[in-house]
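4 protein chains.
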Amino acid sequence: MLDETAEGVFAIAVTPFLPNGAIDWESVDRMVEFYIAMGATGLTILGMMGEAGKLTAEESVALVKRVVARSTVPVVVGVSAPGFAAMKALATASMDLGAAGVMVAPSSNLRTDAQIITYYHSTAEVLGAAPFVLQDFPLVTNVVISTDVILKIVTDCPTCVMLKHEDWPGLEKISALRAASDNGARRISILCGNGGLYLLEEMLRGADGAMTGFAYPEMMAQVVSAYQSGDETRARDIFDAYLPMVRYEAQPGLGLAIRKHTLAQRGVIAHDTLRKPGAVLRETTKREVQLLAARQDERLQALEVR
Amino acid sequence: MLDETAEGVFAIAVTPFLPNGAIDWESVDRMVEFYIAMGATGLTILGMMGEAGKLTAEESVALVKRVVARSTVPVVVGVSAPGFAAMKALATASMDLGAAGVMVAPSSNLRTDAQIITYYHSTAEVLGAAPFVLQDFPLVTNVVISTDVILKIVTDCPTCVMLKHEDWPGLEKISALRAASDNGARRISILCGNGGLYLLEEMLRGADGAMTGFAYPEMMAQVVSAYQSGDETRARDIFDAYLPMVRYEAQPGLGLAIRKHTLAQRGVIAHDTLRKPGAVLRETTKREVQLLAARQDERLQALEVR
Amino acid sequence: MLDETAEGVFAIAVTPFLPNGAIDWESVDRMVEFYIAMGATGLTILGMMGEAGKLTAEESVALVKRVVARSTVPVVVGVSAPGFAAMKALATASMDLGAAGVMVAPSSNLRTDAQIITYYHSTAEVLGAAPFVLQDFPLVTNVVISTDVILKIVTDCPTCVMLKHEDWPGLEKISALRAASDNGARRISILCGNGGLYLLEEMLRGADGAMTGFAYPEMMAQVVSAYQSGDETRARDIFDAYLPMVRYEAQPGLGLAIRKHTLAQRGVIAHDTLRKPGAVLRETTKREVQLLAARQDERLQALEVR
Amino acid sequence: MLDETAEGVFAIAVTPFLPNGAIDWESVDRMVEFYIAMGATGLTILGMMGEAGKLTAEESVALVKRVVARSTVPVVVGVSAPGFAAMKALATASMDLGAAGVMVAPSSNLRTDAQIITYYHSTAEVLGAAPFVLQDFPLVTNVVISTDVILKIVTDCPTCVMLKHEDWPGLEKISALRAASDNGARRISILCGNGGLYLLEEMLRGADGAMTGFAYPEMMAQVVSAYQSGDETRARDIFDAYLPMVRYEAQPGLGLAIRKHTLAQRGVIAHDTLRKPGAVLRETTKREVQLLAARQDERLQALEVR
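Residue numbers (the numbering used here), protein chains in the order written: chain A, 1 to 306; chain B, 1001 to 1306; chain C, 2001 to 2306; chain D, 3001 to 3306.
Isolated chain A (complex conformation) (with noise of 0.2 Å):
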């Protein structure tokens, strides 16, 4: 079960497809296995980017099913609905799957600080014992939560174990939530969003790790771990190597396009296929890509990193 003290990088799985759109699940299992391998310390699925939206409710279970049953790390589903019902029935059904935890994104149409405090005290009703995990996404989700907020939530729901952060700018934020609890509010894990844009500082302000879905997790599995073993040099010489890529793959909406390609470039999904509506890359994109990724290796490889 998922619990404060979870720390590391959670990868943010895409869901990869055929060509015809079906669920490819073969590419779902060497996925797994691959995250894990660079890695990850535990995987989030049916997140945005994991193009939960487009999935019927049988294929998000059956989704959940498939990865828990590969994974060796503990695994958070995404279960943000328009409606509690749906909400509740897609965390019943993983949690009894064996997942670790979900993963919950305010509604888009909350706005006042105690409209989002009523909406998550009732989330943490309705999943019960379920460990959830708050997801804070202002540029997607529109809702603006302060620290206060957070932390209120901390106190009212002890089943609240994790902020996915991936507000922006939120260094502050962070800072503020950790002086938080040297102050005596309980210490939930935070895991950093925002493709990895600004994973080094969010360390040094004191988060847990990453939760984001670069398409190369091993540099973010590097840079916390060479953080956490007290070598920040290596861990920004590591972050600057791939920072072109990380820019590049932060495209709202075309990005996750630019992840699919690398992933199937890298072997790892078989297809780069998105569901409707998605971008499609054109070829000047792919070579954009490919000569960031030539230059990527040639400063890995100065760094001796593989």
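Since the hints were derived computationally from the structure, they do not count as laboratory data.
Check before you lean on any hint, since a few could be wrong.
Beta-carbon label-pair distances, calculated as ranges [unchecked claim]:
| # | chain 1 | residue 1 | chain 2 | residue 2 | range |
| --- | --- | --- | --- | --- | --- |
| 1 | C | K2065 | B | A1185 | 47 to 55 Å |
| 2 | C | K2065 | D | R3070 | 35 to 43 Å |
| 3 | D | G3278 | A | S181 | 26 to 34 Å |
| 4 | D | V3280 | C | N2020 | 41 to 49 Å |
Don't be surprised by glycine CBs; every beta carbon is placed ideally from N, CA and C.
Fit chains B, C and D to the given chain A structure using the hints.
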């Protein structure tokens, strides 16, 4: 099967719940009969006011089955979903169960004209032979669809047979669409929403009726009927008699709670329960409704409507 | 100087233009006299419906000067601006010219409770001794202000003397604010907007009157007066007589064009010109207004209101 | 006068303030000289990053006067305003004072293609002979402008001579616009924003340079220059050396405070003051900037850039 000739009043049905939150199937049956007895020429279920987002996929299909089995008028099913897979699953199940058509609101992230047109091209492709209603409700979807874009969709997608008109202000849009069909564009059915607040002007502009959920559906039936029989003054008298209540029910978010309260008061549904998150009526509000209903009754008696 | 005891009807004044787009100063004078003759106890200029954003800084000050010179009732000036420097410049000029107070809507990028509170702290600091009205209009500002946040601002900022109440739905907010002042919070004036669509219920909940721009300000004056004299039935009769027109004018964006058209028809302003970008009324709309006005006259004669 | 041939780096200038919030005129002069010394081929003032919305109308004109008097390169003035009257007033004053052109972002309430096109038709009409830059920055304006809409504006408005490109993702838009001009559409200048985060790919797609405010404008000048001289590898090396800082400054809202801090550290402006509301840098952030700057210096020395 729903087609371009649809007219009259398609009642937007609520989804009745028991106090424990389960669907209240007996109230569903009673509600279907009520709407038809009050003059509905069609029913629309699983719309926004049907709390569609709060049902599980299984519940949605079960509701379609129950309503279609009971109804003697065409049933339209709201199938808007975050992705096309879930849309297709519910649409296919609904049409198989005997629904007359489906309704699709645009995904709220659509912005440019081309994005909206592409979305409905994909929708039509996904839905196959099922006739569909284009729901144009910018206040909630945050997507503004121009008249030209609607006409493009009507031209490109023969299965688009109806516009659920709910832009605000939207009267000019009706006039423009009717002018276009006078000039050769395919004429589709236009049924209007917004709780009936502009019903009379909408009819005068060329709408074919209403598709909305005001708790007194007989108002819409009588206004449409009076207008169609040429008695515009009678139509206005009836409309004005109900207007204070129409206006009161038009409060966003709160409106559904008021509507369910009224339907419960009228004996149509057993409970005014909303699933969370939903507004709860305070006593002050209930008294305001009661006062409005009493004055409404007086005015209707003066008009000898009942 | 505006204070917490303000009540009655503060008419939201339009800004009259000549057909060439220049300010029509003669119509400004006539309009001021008209609003007061119709029962206005105050005037509000340079609000959203005053096309404030379409004036230059110089024109805004000139308008304040002209209106204040002519008015025998307190004048409130809308000073909302993208930044505090422009807000301060207009507020200072207005108070120097004899305005009774100013009105400030929240900047549309505010989201959390703390951000809104900080914004009004800064506003109060910038405005100095000038009494101000907090404008709460989420439909346009996209900022949702909870009752608790309003109370916090009222507590922290003694110069906040009035709420322009325009949340929708917003009746519960009035009840909650009045319950709070019954329990010791400072009681500020609450004047309501939304074109008067909920005026009666707003009075019943504890509002002190209206601050809105319906083209028949006498409706608001008579409803408030009847209510305050204890004759609720009379208040409802008058309200209902005007309601079809209130509703028609309530169309967002289009409403101002309808309002100016009616004021021009009534001889108050010489031209119904809006500065660009602004709606232009088509003939069909003008006929609909004419029909509504004719029926309104009949109902008023039956009530012997005039 | 600005025209379609503009290229290189138009630096988005900050507005320097004294600690008391007044404009710091001496720093203005020094800043103008700095940007030009660092390779700027133009200056853009009163943009969003110039805190334009926080100045009074008088201050805006005074700033234009001071910068134009000092600058030896063309000056573009941001004249976006809630209404056309204020836009016209500032544009006329700026051109009279010797500005090379003006820049206009779309009003944030625009949604459909036709609304955006009409807005720029009106803009062009209001601006008369003044050449203008179309600012395409959806992340902030919330207005998504399709390539077709840009081309329509370019076709209809001969005074539209430049696109400030800041869509994200936006690389395909550059390619599409250049493909269109290869096929006969008028070719306008494209200068790119987003703090330079995608500058190299933007040049490869056909952009003419950058218009952005990264605190090391020499990076943009050198990258554009290296690229234009055919040395793409050199361009990438320089870009990558600065990228960790580009990324850090790209934090929305916070970015301007970081930029002003760096400019103050570099001795360009005397104070890093922002007018309220604005971010204030904490010590942790300043240390993070310092670390990034130190590593940046090392990389630049290795490249022998300085």
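Checked hints:
1. C:K2065 - B:A1185: 47 to 55 Å: holds (53 Å)
2. C:K2065 - D:R3070: 35 to 43 Å: holds (36 Å)
3. D:G3278 - A:S181: 26 to 34 Å: Holds, at about 29 Å.
4. D:V3280 - C:N2020: 41 to 49 Å: holds (47 Å)
Hint compliance for this structure: no hint is broken.
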